Amino acid sequence: MKVKFFTVLMLAMALFMSACGKSDADLTKAATDKLTSEKVTGVTVAVKDGVATLTGEVADQAVKAKAEAAVKSVEGIKSVTNSTTLKPLPVATPAAPDPALTGKITEDLKKAGCTGATVAVTNGKVTVTGEVPAAKYATCIQTIQQSGITGIDNQLKKGA
Amino acid sequence: MSVQEKYQSLLELANTNGVTYELTEGDGGALVITGTAPSAEAKQSLWDEYERLDPEFKSNDLILNIGLGDAAGGGGHSYTVESGDNLSKIAKGYGIQWKAIWDANRDILHHPDKIYPGQELKIPV
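Residue numbers (the working numbering), protein chains in the order written: chain F, 155 to 314; chain B, 1118 to 1242.
To be clear, the hints were calculated from the coordinates, so they are not data collected in a lab. Since this is a predicted model, take the numbers as computed values, not measurements. Among the hints, a few may not be true.
Stretch-level coverage of chain B by chain F, calculated; a stretch enters the list once three of its residues show a Cβ under 8 Å from a Cβ in chain F [stated by the list, open to error]:
id	region
1	1124-1131
2	1139-1145
3	1222-1234
30 Å max Cα-Cα, derived DSSO-like pairs, lysine-lysine [said to hold, decoys possible]:
id	chain 1	residue 1	chain 2	residue 2
4	F	K158	F	K193
5	B	K1209	F	K264
6	F	K193	F	K226
7	F	K264	B	K1231
8	F	K311	B	K1231
9	B	K1123	F	K176
10	F	K312	B	K1175
11	B	K1216	F	K241
12	F	K226	B	K1123
13	B	K1123	F	K241
14	B	K1175	F	K220
15	F	K220	B	K1216
16	F	K232	B	K1209
17	B	K1231	F	K265
18	F	K311	B	K1123
19	F	K220	F	K264
20	B	K1175	F	K202
21	F	K265	F	K312
22	F	K232	F	K220
23	F	K312	B	K1209
24	B	K1209	F	K265
25	B	K1216	F	K265
26	F	K183	B	K1209
27	F	K265	B	K1206
28	B	K1175	F	K232
29	F	K232	F	K202
30	F	K202	B	K1206
31	F	K241	F	K188
32	F	K220	B	K1123
33	F	K188	B	K1123
34	F	K312	B	K1123
For every residue, glycine included, the Cβ atom is placed at its ideal position computed from N, Cα and C.
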């Protein structure tokens, strides 16, 4: 009886050991493979004692979050330290000179039924003033933002 | 919190919905997202998320400039609404369903019955 109990205990121990027996090297490989399968590039993983550290430069915040979630999902990884950095963004350039942008936005606003809004563009940045019906507000903002501007000062009011 | 962190869910949604985009830095550190959506619904979902994160669009820290790809009607015709028009009538003229026009113009229309003279509608191909 005693022997049997000991055997069971040993078996349980063996099982337990194999379950958490993934080495840091195994985990690093698994995490790297996971990133590849998720099409995340530019991220390097290093695992120490089950803790993964991510480094490298990523295109944007969405990629950064995706990389972290992907590595977290790897079995055996206890936690993730996300030290990836975001690629610096190029400076935006206005789609057209200021007077042309002002003209285009004014015309687009008219078409969208946003006649109460007035725009003035300086160095690609638009200042919006006036008042439009509340139901039209989001449409008017959308019309302005998809004109190729590089900045906005939104002072538009919602009317009745 | 950085601007990109603030709008992380919007960027993730863009990826999920097949919107291709480029990021640049605008005036005062504003995030400028310039991209193309595969459908009007995909584009609208981004605007809905934008409105959820910045309800009045008053933060002035994001410029969302999303156009529609050719497949979504970007390469189709356009039609200027005249007095007395309705979507069914316009659709009939092109031999399509009114709903196709409605779907392609969700960004400018809020209700299928409410169209106004002078509005330019995209007619999907």
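Legend entry - Hints violated by the structure (numbers, ascending): Of the numbered hints given earlier, those the structure breaks are 4, 9, 11, 15, 16, 19, 20, 23, 26, 28, 30, listed in rising order.
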